[in-house]
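Colleague: Listed here are the chains, written in short residue letters.
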Amino acid sequence: MSPVIDIKGLTKRYAGNFALKNVDLIVPVGVTGLLGPNGSGKSTFIKAVLGLVQVDSGAGTVLGQAWPLNVKSIRDKIGYLPEDDCYILGLQGIESVQMMARLSGLPSTEALRRAHEVLDFCDVGQERYRNVETYSTGMRQKLKFAQALVHDPSLIILDEPTTGLDPTQREEFLDRIHALAHRFEKSILLSTHILHDVQYVCDQVIILVRGQVRLADSLASMQRPIQSGLQIRVVCNAERLAEALRREGLSVQTDRDTELLVQGESIAIAATIWSASQRAGVLVERMDESKNSLEHLFMEIVSEKTHANS
Amino acid sequence: MPILDLGYRTWTGSRSREWLRWTVVATTGISLVWRGTWLKRFLLFATFPALITMFGVGLFEQSTRDETYRRMFNGFLASRVDPMGPRNRFRDRTRERTPIISETADVATQRHLAWSHLLLWYFRYPQSLWIVVVIGLVAPRLISYDLRSRGYLLYLSRPLSPSGYVLGKACVLYFLLAMITTVPALAVYTFGLLLTNDPAAFLQTWDIPLRILLGTVVLILPTSAVALAFSSLTQESRFAAFSWFAIWIVGWVTYLVLTGSALFNQEDAIKLQQRWLMISPYHILGHLQEEIFGLLPEDRHLIGPWILCGVVTLMGYTIARWRVARMLKV
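Residue numbers (my numbering), protein chains in the order written: chain Y, 31 to 340; chain U, 281 to 610.
Only true hints are included.
Ranges of calculated distance between the beta carbons of each label pair, as one might list FRET restraints: (1) 159(Y) / 392(U): 47 to 57 Å; (2) 455(U) / 159(Y): 17 to 27 Å; (3) 45(Y) / 470(U): 54 to 64 Å; (4) 497(U) / 223(Y): 50 to 60 Å; (5) 443(U) / 289(Y): 54 to 64 Å.
From chain U, some residues computed to sit far from chain Y (all C-beta separations above 12 Å): (6) 339; (7) 454; (8) 530.
Keep in mind the hints are simulated off the structure, nothing from the lab.
Idealized CB from N, CA, C, for every residue including glycine.
Make the full structure from the sequences, and use the hints.
Modeller: Below, the structure written as structure tokens:
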């Protein structure tokens, strides 16, 4: 399947400073997380894709259309949820969404119908008849999401979409993203700082640091550890269990008093772990196949780049 | 989870053309400003001068049949266009004034002159002031509100250029100003045609609707451009409103001070008025209106006001566009 975004040699400078430096980026179909510390060029990349900022160099395709040549018609196929808190003063929620649909070329009545449907999908109730300036931060996020979806775009770009949402709303929001991607085959580019969100919904991850792509891979292969093993969580006394396992000839690392990492073939070592825990009198709470932590990986990449620059 | 079943529906309809999307900005803007109760009241009041103009047209048409109305019409017209009127402005005020409509010639042949005078009065005095007030109420928030609430990002994330956005916003003003000037003026003209029993009336006055349209364009384009430029330069609409009213008031007062001195004789006064014309937006537009309605004395034609108007219009829209495009930078 051809990628939704395939851009090469993308460079953007602000007053001589590189916001994006010769970036080659391929965003495949599915949900892609765009990660990076502040000032890494995530928002510039998104705005460049949308043609909202003029780039110094770069060319490619977005949704199969030549970029940046056909950027206006590309925008018709993209739903964008901006990071900024943006709204049209004086409009009701429903009118805002209808207006966005009309801006995407939907006829007025159809735009109103779509606006109601999408607001239902985004769990906006009667608040849709209130003026947008009276909305809470969470409501505004939902409204922006509805505005991004109303014209049924093929690619949805979400810039920090879960900011300001409470935990329940956030989970529902991520469920919607998941549903859009897997049931309605939408491609989604999710720019965020929240690694949990990325782990929850993303298939691929791109990490941008100082305007350059540092890593672009599937989430599954990123999380695959170099050596296989099992991650164990115990109620307490992790060190006592570790000693028992070492006596059995296994290689064990303890992270905290409740967590251990045991290296070896999962199926083969599982039985040894159970018997060792019984002997040591340590209650095992959870046992998972070990994974690389995205957080560790992210920190490593960012700090590696910082050291390289210093 | 039930949230997944809340009915997202794909949509595959035909879309409107990209180059027409700015009309959404315009219609949204019009619908938003139309909610203002005060604006509706102002627009209602702004139609009253059209009734006076209609009365003048009626009086003129009556004078074509009855001579006693002729003097009355001249008096009615003189009280409005004189001494500020174009024909009499430069005339020695101590001398007896010549009636605008000849009392000896066939009055019907002077219909064009009479209607033009009435419509010029309508554009030049009441409606110019209404335009300043209505734009001052509406325009300052058109772009500045979007800059404050970052609403421009919503507009421009769709197939809409900064130029299309500014055009849409300008159309809000065009609509309101057309409601104040063009529509009532054309209504006055139509009323005149319906009132007269002279079949030659249309042939005598066919160019007046065109002059009305041109007069509207000359009023609307530069004023909207300046107002939008002010609105785009700030996120606080009150600053834009202050600047808007300031240029009119300061220009007007300065012009009157510089040209109103009694120390100058008549000839100097004419030169002074021409020299300082360019500092008052109100007087520049008045000069252009007089020219458009064909009521400017032949030796008073100036190219300067036209050029200034064009430059201001171009600069206004360029500034507004530049500001909106600049806001997109991260």
